[in-house]
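> Could you slot chains X and L onto chain E? The hints should help.
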Amino acid sequence: MDDDVTMVRIYLHEADHGRRKTLMQEILNLLADQHRVQGVVVFRGIAGLGVGGEVRASDLLRLNVDLPVVIEFFDQPTVVDAVLGTLDGMVPKGHIIAWRVGRR
Amino acid sequence: MDDDVTMVRIYLHEADHGRRKTLMQEILNLLADQHRVQGVVVFRGIAGLGVGGEVRASDLLRLNVDLPVVIEFFDQPTVVDAVLGTLDGMVPKGHIIAWRVGRR
Amino acid sequence: MDDDVTMVRIYLHEADHGRRKTLMQEILNLLADQHRVQGVVVFRGIAGLGVGGEVRASDLLRLNVDLPVVIEFFDQPTVVDAVLGTLDGMVPKGHIIAWRVGRR
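Chains as they are written, first to last, in the numbering used here: chain E, 1 to 104; chain X, 1 to 104; chain L, 1 to 104.
Here chain E stands alone, though its shape is the one from the complex (with noise of 0.2 Å):
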């Protein structure tokens, strides 16, 4: 592999508000702008557990509500250090997961 870099997974529900816009948009505003952060892609589950245990789940008769979605994005530690600390304040606690990987 050419370098190291650091993996980042944000865990977010569909409902999930900051604001004035979606959570995740701001956050994807935030690696635009402010840290123009490489490989970032958004993901959305098709199910997944709630906070008591419940499973959201989509289906035909059902629209896509509160879906989880996953943001994952990669860069340099030092940026993702950087980006991890401004969204601190912005994403609930024990929702961020982090590892080293490397990249070619």
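Keep in mind the hints are simulated off the structure, nothing from the lab. Heads up, a few of these hints could be off.
[Claimed, not checked] For the chain X half of the interface with chain L, some residues (derived, Cβ under 8 Å), not all of them:
(1) Tyr11
(2) Phe43
(3) Gly45
(4) Ile46
(5) Ala47
(6) Val80
(7) Leu84
(8) Gly85
(9) Met90
(10) Pro92
(11) Gly94
(12) Ile97
(13) Trp99
All residues carry an ideal CB built from backbone N, CA and C; glycine is no exception.
Same frame as chain E, but now just chains X and L:
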């Protein structure tokens, strides 16, 4: 990062069955009821390679038949060890991946 | 865990082209035919950041144009090394991530 947790990904196909319910639903019930595991998200892929190397993919003319499904969750290493012990008889060998990550 | 394998994620955009087929299809063919790689799943994101920082996203009024696609697979480290050597000329630099995980 605030603490170390174990991240797990379980690889299934939508047609997988366990007893009377789909294997995916059985695993989600186990994670919710028995272990109260945190951070559970289910993803559906748009294509995958089957056992014989054939590509399974969705397209407009076919319904989403037998697409790959990935159940992802993270929790304290001791909780994850207990969960993996329970899953051993339910998931085909070689279909569970785990690694240590930092959580914040 | 039973053994150590290498997990890989390849980041593409749906509009990526390689020779006459899409890059995604070329990579899947290579993984299936030449390497018989295990555990291959393709995911499509709902949004991503492009090279210039712009957000690419799907919404009801636009078709899913140029969304991010991630090809994920895992296998023995020696198999993965061989695969990555073959992918070098096909995937833009910096778009492949790899790390060690336990498999069960």
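> Tell me the numbers of any earlier hints that the structure contravenes, in ascending order.
6, 8, 9 and 10
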